[in-house]
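Spelled out from the first residue to the last, the chains are:
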Amino acid sequence: MKYRGAQVLIECLQEEQVETIFGYPGGAVIDIYDTLYDADIQHILTRHEQGAIHAADGYARASGRPGVVLATSGPGATNLITGLATAYSDSVPLVVFTGQVPRALLGRDAFQEADMVGITIPVTKHNYMVTELKELPSVIKEAFHIASSGRPGPVLIDLPKNIWQEEIEFSYPKAVHLPGYKPTLMGHHKQIKLAAKAIIEAKQPVIFAGGGVTHGQGEEELRGLAEKQQIPVCTSLMGVSAFPLRHPLALGMLGMHGTSYANTAVTECDLLITVGARFSDRVTGKIERFAPKAQIIHIDIDPAEIGKNIRVDIPIVGDVKNILAMLLSELDLPKYRLITDKSPWQEKITGWKKLFPLQYEKEGTLKPQHVIEEISRITGGEAIVTTEVGQHQMWAAQYYGCKHPRSFLTSGGLGTMGFGFPAAIGAQLAQPERTVFCIAGDGSFQMNIQELGTIMTYDLPIKIALLNNNALGMVRQWQEIIYQERYSHTIWEKAPDFIKIADAYHIKGIRVEEPGAVSGAIEEAIAHPGSVFMEFVVAQEENVFPMVLPGKPIEEMLLSEVKTI
Amino acid sequence: MRHTLAVLVENKPGVLARIAGLFNRRHFNIQSLSVGETEKPEISRMTIVVEGDDATIEQVKKQLNKLINVLKVTDLTWEETVERELVLIKVQADPTQRAEIMQIATTFRGNVVDVGQRSLTIEITGDSGKTSALEELLRPFGIVELMRTGQITMARGPKALIKQIEQDEKAASC
Numbered sequence: 001m002k003y004r005g006a007q008v009l010i011e012c013l014q015e016e017q018v019e020t021i022f023g024y025p026g027g028a029v030i031d032i033y034d035t036l037y038d039a040d041i042q043h044i045l046t047r048h049e050q051g052a053i054h055a056a057d058g059y060a061r062a063s064g065r066p067g068v069v070l071a072t073s074g075p076g077a078t079n080l081i082t083g084l085a086t087a088y089s090d091s092v093p094l095v096v097f098t099g100q101v102p103r104a105l106l107g108r109d110a111f112q113e114a115d116m117v118g119i120t121i122p123v124t125k126h127n128y129m130v131t132e133l134k135e136l137p138s139v140i141k142e143a144f145h146i147a148s149s150g151r152p153g154p155v156l157i158d159l160p161k162n163i164w165q166e167e168i169e170f171s172y173p174k175a176v177h178l179p180g181y182k183p184t185l186m187g188h189h190k191q192i193k194l195a196a197k198a199i200i201e202a203k204q205p206v207i208f209a210g211g212g213v214t215h216g217q218g219e220e221e222l223r224g225l226a227e228k229q230q231i232p233v234c235t236s237l238m239g240v241s242a243f244p245l246r247h248p249l250a251l252g253m254l255g256m257h258g259t260s261y262a263n264t265a266v267t268e269c270d271l272l273i274t275v276g277a278r279f280s281d282r283v284t285g286k287i288e289r290f291a292p293k294a295q296i297i298h299i300d301i302d303p304a305e306i307g308k309n310i311r312v313d314i315p316i317v318g319d320v321k322n323i324l325a326m327l328l329s330e331l332d333l334p335k336y337r338l339i340t341d342k343s344p345w346q347e348k349i350t351g352w353k354k355l356f357p358l359q360y361e362k363e364g365t366l367k368p369q370h371v372i373e374e375i376s377r378i379t380g381g382e383a384i385v386t387t388e389v390g391q392h393q394m395w396a397a398q399y400y401g402c403k404h405p406r407s408f409l410t411s412g413g414l415g416t417m418g419f420g421f422p423a424a425i426g427a428q429l430a431q432p433e434r435t436v437f438c439i440a441g442d443g444s445f446q447m448n449i450q451e452l453g454t455i456m457t458y459d460l461p462i463k464i465a466l467l468n469n470n471a472l473g474m475v476r477q478w479q480e481i482i483y484q485e486r487y488s489h490t491i492w493e494k495a496p497d498f499i500k501i502a503d504a505y506h507i508k509g510i511r512v513e514e515p516g517a518v519s520g521a522i523e524e525a526i527a528h529p530g531s532v533f534m535e536f537v538v539a540q541e542e543n544v545f546p547m548v549l550p551g552k553p554i555e556e557m558l559l560s561e562v563k564t565i
Numbered sequence: 001m002r003h004t005l006a007v008l009v010e011n012k013p014g015v016l017a018r019i020a021g022l023f024n025r026r027h028f029n030i031q032s033l034s035v036g037e038t039e040k041p042e043i044s045r046m047t048i049v050v051e052g053d054d055a056t057i058e059q060v061k062k063q064l065n066k067l068i069n070v071l072k073v074t075d076l077t078w079e080e081t082v083e084r085e086l087v088l089i090k091v092q093a094d095p096t097q098r099a100e101i102m103q104i105a106t107t108f109r110g111n112v113v114d115v116g117q118r119s120l121t122i123e124i125t126g127d128s129g130k131t132s133a134l135e136e137l138l139r140p141f142g143i144v145e146l147m148r149t150g151q152i153t154m155a156r157g158p159k160a161l162i163k164q165i166e167q168d169e170k171a172a173s174c
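Sequence lines, in order, name chains A and B.
No gaps in the numbering here: position 276 of the first sequence is 276 in our numbering, and each next residue is one more.
No gaps in the numbering here: position 6 of the second sequence is 6 in our numbering, and each next residue is one more.
Hint data in this document are derived by calculation from the structure and do not stem from the laboratory.
Fair warning: this is a prediction, and the values are worked out from it, not measured in the lab.
Be aware that one or more of the hints could be misleading.
Derived CB-CB ranges, DEER-like [as the list claims (entries may be wrong)]:
no., chain 1, residue 1, chain 2, residue 2, range
1, B, G21, A, K293, 38 to 44 angstroms
2, B, G150, A, K190, 36 to 42 angstroms
3, B, P13, A, Y37, 31 to 37 angstroms
4, A, R246, B, E42, 52 to 58 angstroms
5, B, G116, A, E135, 25 to 31 angstroms
6, B, A171, A, E433, 44 to 50 angstroms
7, B, T38, A, E382, 54 to 60 angstroms
Derived pair list, reagent style DSS-like, types lysine-lysine, alpha-carbon separation capped at 27 angstroms [what the hints assert, rightly or not]:
no., chain 1, residue 1, chain 2, residue 2
8, B, K163, A, K182
9, A, K190, B, K61
10, A, K141, B, K66
We put the CB at the ideal spot given by N, CA and C, even for glycine.
Chain A on its own, in the form it takes in the complex (with noise of 0.2 angstroms):
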């Protein structure tokens, strides 16, 4: 069949079951915005392009399924550049779409005219540029491919506007041919006996996890493994949603502001099975003083993170659901029954939660970390949460009792300010049944606080729980403790009214001030059926605890104001 220009885009997406996308138009895009104008598919217009690439990424980070993302030439284009990055250091996959000026310009600094592959090749998986229409199905089907299979990620494609009008004899390929891109699925058999050795040889195992288990979704296998052999487990913040946290067996995150019993298990452990992570130094610390007495077993789907950061001596590269079966299946065999005694070992466990666990100073003022705690007992753990970056994020990784895969969105390997309200309508639409909280600072929230325009729009009922410290917290943070208290440029002079913000797009408001009324507002907030904007007036003077000064072994640790360890 014959279709014209922009059609075959259109029909290229509903071949790969699009239902989604996230965009703004402009000229270079203004023929496949024609063409969207009666085509079946939902196209979410958000307020900035960065907005619509972090709502693709947590759209697909909820759902598993590659985000989508249109944008035009030039400026719309390089709008996604921060959303490209941030997906990419988390292994998200996204398919993004930039217009770009006619063949017959290109190189001649035309109009709203950027190099898009040239400037993404860092910050993307693989991208494209497709001179001729009859190139677009074979690169878009490489594309999904591309992004979503293997360590997914984002995979851009640049389309020249002349070839909108250009028509082809459609039809969609049923395979792709990438002889150079073939990622390892299948765990080496011999690795795996030589992991389910180890792990029954261990005294003192730890489990740590990362966002590759639920990239690979591998959770269940992940918890049969925790549960049978009864090893504790520790993620790293993308891991967080990866397994439960108020599971017997939870450590809570490890790292610079991971837990204190995270952080000394690890480093007493004889044995750490890493699974889907990539020991970023926010998790190590200084690498040598790492996890020094163990031996380390790292399963994971891109060969190059083996051995990148830290020496491994047990490397599995493959898929981590397979590895974590054939895992399982080993450790169920006979000759494997003979369990060391781990009980001393989960013995000490308990003994360092007991004695450092992780707490506040509830007295006083309202704390940013009741105002979490709330939010997790009241949802039970059941909701999504997205966070923006910075203090506000770290202690919604510490207290948010997470219970379910996909469930804690938040970026990590970038940072990315202004991240976690867009994403958090991405993550409403593909998760509409759910309720979505987007746990702010009111700093990350002023990067696109634009955004609000777009879930009024769409009706989308996510609860915003800004905790406004009136501040940078965590740059203000490490002001106060590494740099003299010379708080430069860090606390705001001015600020805007949120509620009236919030009051203008026609969204519910309610200031919270003390914290015997947290809970109330979190329940209110709940029960109403559109979005909520909560402004919690938090201590500025808060500051998040464990944390390991850059550069210090992952062991020692502030605890609080005073204490140290």
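Given chain A, put chain B in place with the hints provided.
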């Protein structure tokens, strides 16, 4: 230490930029890179000489392999190889010095490819040891211009890298 990598890539626009960018971005220390078409026009072959410790070289290879357009990365460092580089050297030479310079060039199996009033241009191929030795000998005469193509390296014996890709693909499909 120095490693010599043979990298087969799809012959598509922008592949060189992807590879050069990767080395730059990850602070890998590239010493030379040369690229050209192979016996199959849809495949180009690069010879990349890179300096680094074992862990760095391991990362270089793995990161190269992650690029979608990269088909095969082979470390030729410990292989028996033929290694060549073409160097053009333009030397200051007045008529009285010509004979001496030409004699030096001949000793190195270099060819004189251009003779001017006050200069001579010599072409020499070989491994970097040989070309550097000639460069040193010519330096006292005054080197006007010198350029290198970058090293190209091929394993000795009957093995062919492109054949290995085809065999890998066959093995994967059956």
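request  = Hints the structure violates: just list their numbers, smallest first.
outcome  = Result: hint 5 breaks, nothing else.
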